[in-house]
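Participant: If you're matching them up, the sequences are chains W and Y in order. Throughout the first sequence, residue numbering follows our numbering, covering 648 to 993 in sequence. Throughout the second sequence, residue numbering follows our numbering, covering 648 to 993 in sequence.
Misleading hints may appear alongside valid ones.
[What the hints assert, rightly or not] Here are some of the chain W residues that sit facing chain Y, going by a computed Cβ distance under 8 Å:
| hint | residue |
| --- | --- |
| 1 | H650 |
| 2 | Y657 |
| 3 | T693 |
| 4 | V694 |
| 5 | S881 |
| 6 | D977 |
Hints were generated in silico from the structure; no laboratory data involved. We put the CB at the ideal spot given by N, CA and C, even for glycine.
2 protein chains.
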Amino acid sequence: MKHGGDLLSYMHMYDGELIDFSSNINPLGIPNGLKEFIVNEFSAVTVYPDIKYRILKKQVAKYLGCDDEEVLLGNGAVEIINYICTLFNRVIVPYPCFIEYSERPTKLGKEVINLYIGDDFKVKAEKLLPYIEKGDLLVLGNPNNPTGYRIDKEELLKIHEGIIDKGAFLLLDEVFFEFCDFDYDSIELFKESGNVCIVRAATKFFALPGIRLGYAFAPKALAKRYEEITLPWSINAFAELSGRYIFNQDGYIERSKEYSSIQRKWMLKELKQINGLIVFDTSCNYVLIKLIDENEDNLFKYMLAKGIIIRKASSFDGLDETYIRLAIKDEKSNRYLIECLKGWRS
Amino acid sequence: MKHGGDLLSYMHMYDGELIDFSSNINPLGIPNGLKEFIVNEFSAVTVYPDIKYRILKKQVAKYLGCDDEEVLLGNGAVEIINYICTLFNRVIVPYPCFIEYSERPTKLGKEVINLYIGDDFKVKAEKLLPYIEKGDLLVLGNPNNPTGYRIDKEELLKIHEGIIDKGAFLLLDEVFFEFCDFDYDSIELFKESGNVCIVRAATKFFALPGIRLGYAFAPKALAKRYEEITLPWSINAFAELSGRYIFNQDGYIERSKEYSSIQRKWMLKELKQINGLIVFDTSCNYVLIKLIDENEDNLFKYMLAKGIIIRKASSFDGLDETYIRLAIKDEKSNRYLIECLKGWRS
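Just need the whole structure built from these sequences, with the hints factored in.
Facilitator: Structure (structure tokens):
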């Protein structure tokens with residue numbers, strides 16, 4: 648199983664509704680009013696989307712704090728990552744990480760250098776820079792999936808310095824950005840750089856994995872090349888409508904950030920009290936856990952019997968079958984998860 | 648302007664609602680009940696689509712008359728064409744044709760051989776086969792955009808024979824298939840071939856250009872390779888829902904075919920009576936026209952002043968500024984178009 652969220656494969660194994668702790672979606676659900684907005688604008692499906700997505704780009708630009716001409720759009724973040732990879736000859740992928748960082752360039756026939764980031768899972772400039780050459784693309788999750796670690800600001804600035812020195816390019820995948828307690832905003836940091844692209848998406852924070860709306864900040868020159876190579880009309884009408892609605896929902900955005908922060912703190916505290924788990928200090932809405940003297944399959948089966956789907960993490964390069972990843976969800980589900988975990992092996 | 652349907656660029660030039668004769672969509676609109684179905688199933692956007700699209704593939708397979716494992720899905724037909732092109736080294740593109748047949752492989756860095764199909768715009772085996780070599784991909788629109796010509800069945804069988812002899816592969820773009828008076832079904836013809844992929848879409852016939860749902864028949868071996876290289880979750884939740892609804896609408900499908908056939912015959916008859924036009928005998932829901940002693944810009948401006956957007960056709964390789972393409976729409980719009988055309992230069 649390469650990805651989480653595949654409930655369909657397990658539905659027949661549990662008599663009741665499964666709780667999905669394998670994909671990391673805002674537990675507050677979609678913004679209020681989005682459904683009504685889309686229903687009212689339903690006739691948008693009967694015409695081609697604006698091939699230049701002019702209105703949508705304006706909205707994204709305002710949300711990200713950049714110019715319209717610096718906005719990339721994609722059929723999910725993964726499409727943006729894919730097409731950025733096509734623009735470089737060699738892609739450097741520190742791991743463990745989201746599997747598509749190396750899968751996409753590999754499928755595109757690119758040379759991919761996979762670098763193990765070390766047992767502490769901390770991204771450090773000194774570990775990466777020696778491997779980077781002129782023209783390379785370095786891909787970093789920030790926070791990184793599955794570790795949940797946000798890159799330390801000073802380290803990130805050092806990495807960026809190295810990228811500039813070497814004439815390389817940095818792709819930051821920040822699809823979990825809004826879940827993090829605010830420390831720095833990469834777009835503010837690197838807006839003038841010319842060598843950084845920062846990818847975000849509606850998928851996780853706006854609870855819209857079905858809508859497939861990825862967007863990114865990129866320097867104008869790169870944004871122009873991206874436009875030239877990507878498929879026409881790749882954002883469907885409903886995704887476009889959603890984009891025109893969600894970024895204006897200030898109350899929802901604020902509430903979601905607060906809720907997520909409270910649940911994360913509670914979950915980390917509770918998880919750390921459970922014997923047999925090594926809990927990694929996540930910055931966002933999922934948490935990586937190492938099982939002591941146990942394996943993912945046993946816990947998966949135990950949890951499935953309780954109606955919970957967890958993410959086995961051995962499919963991530965660099966992790967073995969002693970790792971799992973858990974989403975941080977709504978209070979009720981989180982409490983039930985903790986209760987089940989406490990009951991395991993006790 | 649590479650594509651039709653870009654009303655946004657002209658809206659400010661006309662005081663009223665523009666009638667779009669530049670994109671070729673079923674004038675009966677979307678199937679009844681689709682909106683209600685999607686509204687009822689709206690919560691589908693809050694989860695990832697099934698990464699294997701099992702239910703959707705079953706529906707498409709039934710509609711196309713093939714096996715689930717022979718179904719390809721794409722974010723519009725253009726995504727399918729794009730990824731099929733990635734699997735071949737050289738792409739043969741007879742033109743004039745839909746611009747993406749050569750643009751996509753060119754952008755993928757493939758060798759593209761553009762072949763002019765001749766002044767009669769008829770696809771003939773003898774004109775194409777001499778250029779085709781082992782491992783090539785031949786891409787043909789059927790019916791072809793912008794000519795409206797469906798490939799003669801005997802010619803198509805000859806082309807297929809040549810493809811098999813040479814060890815090449817044939818991609819038929821049949822996104823306008825349902826609009827054609829039934830003569831043959833390529834999927835029936837080539838289901839056992841192993842060397843043909845046939846692309847169709849919800850875009851035109853189901854009047855859903857905004858939904859981005861392309862699908863295709865392909866031999867199992869190719870379908871498997873396609874799965875391996877395409878992006879995950881590229882069909883969004885609403886496109887998936889639409890696919891689960893539209894193929895069961897037998898009444899709508901029948902009505903649309905009949906209506907389209909009647910309007911086509913009427914339009915061809917009327918157009919042929921107008922002086923100064925050479926009208927190409929279309930098989931589907933748009934018609935190519937050559938203007939005698941006139942050019943597309945003049946007619947475009949004249950029509951825009953009447954609230955009609957036509958498709959200038961000089962952007963198609965092989966055509967010059969004396970060609971235009973017109974959609975065949977609903978009776979009222981068609982009558983208005985004919986009236987306006989009759990008034991031009993008279």
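Participant: So, for every hint listed, does it hold in this structure?
Facilitator: Consistency of the hints with the structure:
{"no.": "1", "hint": "H650", "in the structure": "6 Å, holds"}
{"no.": "2", "hint": "Y657", "in the structure": "12 Å, violated"}
{"no.": "3", "hint": "T693", "in the structure": "6 Å, holds"}
{"no.": "4", "hint": "V694", "in the structure": "6 Å, holds"}
{"no.": "5", "hint": "S881", "in the structure": "6 Å, holds"}
{"no.": "6", "hint": "D977", "in the structure": "13 Å, violated"}
Of the numbered hints stated above, those contradicted by the structure are hints 2, 6, listed in ascending order.
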